[in-house]
Amino acid sequence: MAPMQPPQDDLDRRKVVGINPETVTNITSTDFPGHHAGEDNSWSLSNFKQNLKVHFHENEKDEAIFSLVGVDASIANAFRRILIAEVPTLAIEKVYVQNNTSVIADEVLAHRLGLIPLKGRIEGLKWLKWFFEPNPDLGFEGVGRTDYNTVVLSLNVKCERNPHADKNATEPEEKYINSSVYSRHIKWAVQGSQEEQFRDGPIEPVSPDILIAKLRPGQEIDIIMHAHLGKGGDHAKFSPVATATYRLLPTITITKPILGADARKFQKCFPPGVIDLERVTPSDAASDESVYHGREGDEKAVVKDPMRDTVSRECLRHEEFRDKVKLGRVQDHFIFNVESTGQFPSDMLFLESVNVLKYKAKRLLQALDEMEK
Amino acid sequence: MRDSPIEEETSDPSEELLLGGAKKLVVLPGASSHAASFQIEKEDHTLGNALRYFVNKNADVEFCGYTIPHPSETKMNIRIQTWEDTKTTAVDALRKGLEDMMEACGVISEKFTEARDEFDARQS
Chain A
1 MAPMQPPQDD LDRRKVVGIN PETVTNITST DFPGHHAGED NSWSLSNFKQ
51 NLKVHFHENE KDEAIFSLVG VDASIANAFR RILIAEVPTL AIEKVYVQNN
101 TSVIADEVLA HRLGLIPLKG RIEGLKWLKW FFEPNPDLGF EGVGRTDYNT
151 VVLSLNVKCE RNPHADKNAT EPEEKYINSS VYSRHIKWAV QGSQEEQFRD
201 GPIEPVSPDI LIAKLRPGQE IDIIMHAHLG KGGDHAKFSP VATATYRLLP
251 TITITKPILG ADARKFQKCF PPGVIDLERV TPSDAASDES VYHGREGDEK
301 AVVKDPMRDT VSRECLRHEE FRDKVKLGRV QDHFIFNVES TGQFPSDMLF
351 LESVNVLKYK AKRLLQALDE MEK
Chain B
1 MRDSPIEEET SDPSEELLLG GAKKLVVLPG ASSHAASFQI EKEDHTLGNA
51 LRYFVNKNAD VEFCGYTIPH PSETKMNIRI QTWEDTKTTA VDALRKGLED
101 MMEACGVISE KFTEARDEFD ARQS
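Protein sequence lines correspond, in order, to chains A and B. Per UniProt numbering, the first sequence runs over residues 1 to 373. Per UniProt numbering, the second sequence runs over residues 1 to 124.
Heads up, a few of these hints could be off.
[As the list claims (entries may be wrong)] Residues of chain B placed beyond 12 Å of chain A at every Cβ, according to the derived structure:
hint, residue
1, P69
2, S72
3, E84
[What the hints assert, rightly or not] Here are the simulated DSBU-like cross-link-like pairs (lysine-lysine), alpha carbons at most 35 Å apart as the crow flies:
hint, chain 1, residue 1, chain 2, residue 2
4, A, K237, B, K42
5, A, K53, B, K42
6, A, K362, A, K129
7, A, K362, B, K75
8, B, K111, A, K237
9, B, K24, A, K94
10, A, K237, A, K129
11, A, K15, B, K111
12, B, K111, A, K119
13, B, K75, A, K373
14, B, K23, A, K231
15, B, K96, A, K129
[To be verified] Quick partial rundown of chain A residues pointing at chain B, CB under 8 Å, derived from the structure:
hint, residue
16, S42
17, F56
18, N59
19, D72
20, V354
21, L357
22, R363
Hints are computed from structural coordinates only; laboratory data are not their basis. Yeah, the Cβ is synthetic: ideal placement off N, Cα and C, and Gly gets one too.
Generate the whole structure from the sequences, applying the supplied hints.
Written out as structure tokens, the structure is:
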């Protein structure tokens, strides 16, 4: 028996999460073989290819917003989780304090330094390898620090009185030199082939204006730092994203016309731009729908851009809209928002997360082969 | 810079060290040809849920579910049962799930790059 093809509106209805005043319905996906009698829901690459859509809404270095349509929540969530915790980045991992007479304790200072996002030529960053610390307890020798796994940075700042300052000056910036230590004071000490790899993109903090510490005359910070590759799962400083989130595309269905003053009120229930007001046309007024009769020229609420909706459900709180509106979300339409910390462009991070998932599968296939040997 | 080539795989040599001599994948005791529980080291919901989805997409699979038995152990168990009247064993189903996942990732990368390039071209 040939598999049954359900009507399109049936499929569309299956995909919509129902949003009611106090409950949410139809959350789990049902596109599995055997769930719907007579239908073939087994995996098909060509179907997947056909149904998968990507639309970009914004693509800046620090922020990418795009819709990923036609994937299951489990896959979209895997990418989100990988973005946050598993895409490797470079961050300061070791801090060797030679002198720190500031009021900030060494360990607090080290923590602050670790959190500073670094940037450099992308190809250079990809060229970097993992560093493994020796672990004598496990009898593990580790690998040595070399130019391809360690980036050396230094921070050497001393605060002094400003001899040219005005006698009546009260601001520390004016009275003293180097009263504030900023990320711009961090200097990169090039090692070996790093010079070649980072030729037109030296390693430096993403922003030069990150305040690290404050000093007063006589105080000094003299530090050597080693930056290594790491993963967000080990420490948040290695997370390449500030946020990586997705939300489902909201749907708003006006089931019965909302007219006149109600339409204005309805519009106010949503963020700006979601609901538009149109005039009731003569043909509307002449139609069978009795609510339109005699309302020609009145305002009528229409849905303009549901993507802007925050799904606050405010419209469900008002008696006059009862049974006139249905809210929902599209189960397989993920609006991703990836905000990079600046080490890699946001769009590249997403591609990287896809690669990480692919590698995970590949690695397990290898393990499966080994097991079957 | 944005068009820099992305490596086919993101290899992770720290894995060997992370595993500490343990096997990445083992079959838990009590398995038969059409039903087996696999235990995977150093994996979590990221792979577990996605893999569960792909394995369930196989018509020969009767059941597939995953669990993380203990939150402080980095182990993920995945149980696969296939219909006994099919030739597909549990190992086959797992293999197909992983292969399908790799295929899907390939398609997503491709479509994403395409959409991004088109968007960038339109913006400039």
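Cross-check of the supplied hints:
1. P69: holds (18 Å)
2. S72: holds (14 Å)
3. E84: Holds, because the least Cβ-Cβ distance between B/E84 and chain A comes to about 15 Å, which exceeds 12 Å.
4. A/K237 to B/K42: Roughly 21 Å separates the two Cα atoms, so the pair holds.
5. A/K53 to B/K42: Holds, at roughly 32 Å.
6. A/K362 to A/K129: Distance of about 20 Å is within 35 Å: holds.
7. A/K362 to B/K75: holds (18 Å)
8. B/K111 to A/K237: holds (30 Å)
9. B/K24 to A/K94: Answer holds: B/K24 to A/K94 is near 30 Å, not above 35 Å.
10. A/K237 to A/K129: holds (18 Å)
11. A/K15 to B/K111: holds (22 Å)
12. B/K111 to A/K119: Holds, at roughly 28 Å.
13. B/K75 to A/K373: Roughly 23 Å separates the two Cα atoms, so the pair holds.
14. B/K23 to A/K231: holds (22 Å)
15. B/K96 to A/K129: holds (32 Å)
16. S42: holds (4 Å)
17. F56: Since the shortest Cβ distance to chain B is 4 Å, the answer is holds.
18. N59: Status holds, d = 6 Å.
19. D72: holds (5 Å)
20. V354: Holds: closest Cβ of chain B sits about 5 Å from A/V354, inside 8 Å.
21. L357: holds (6 Å)
22. R363: holds (7 Å)
Violated hints for the displayed structure: none, as all numbered hints are satisfied.
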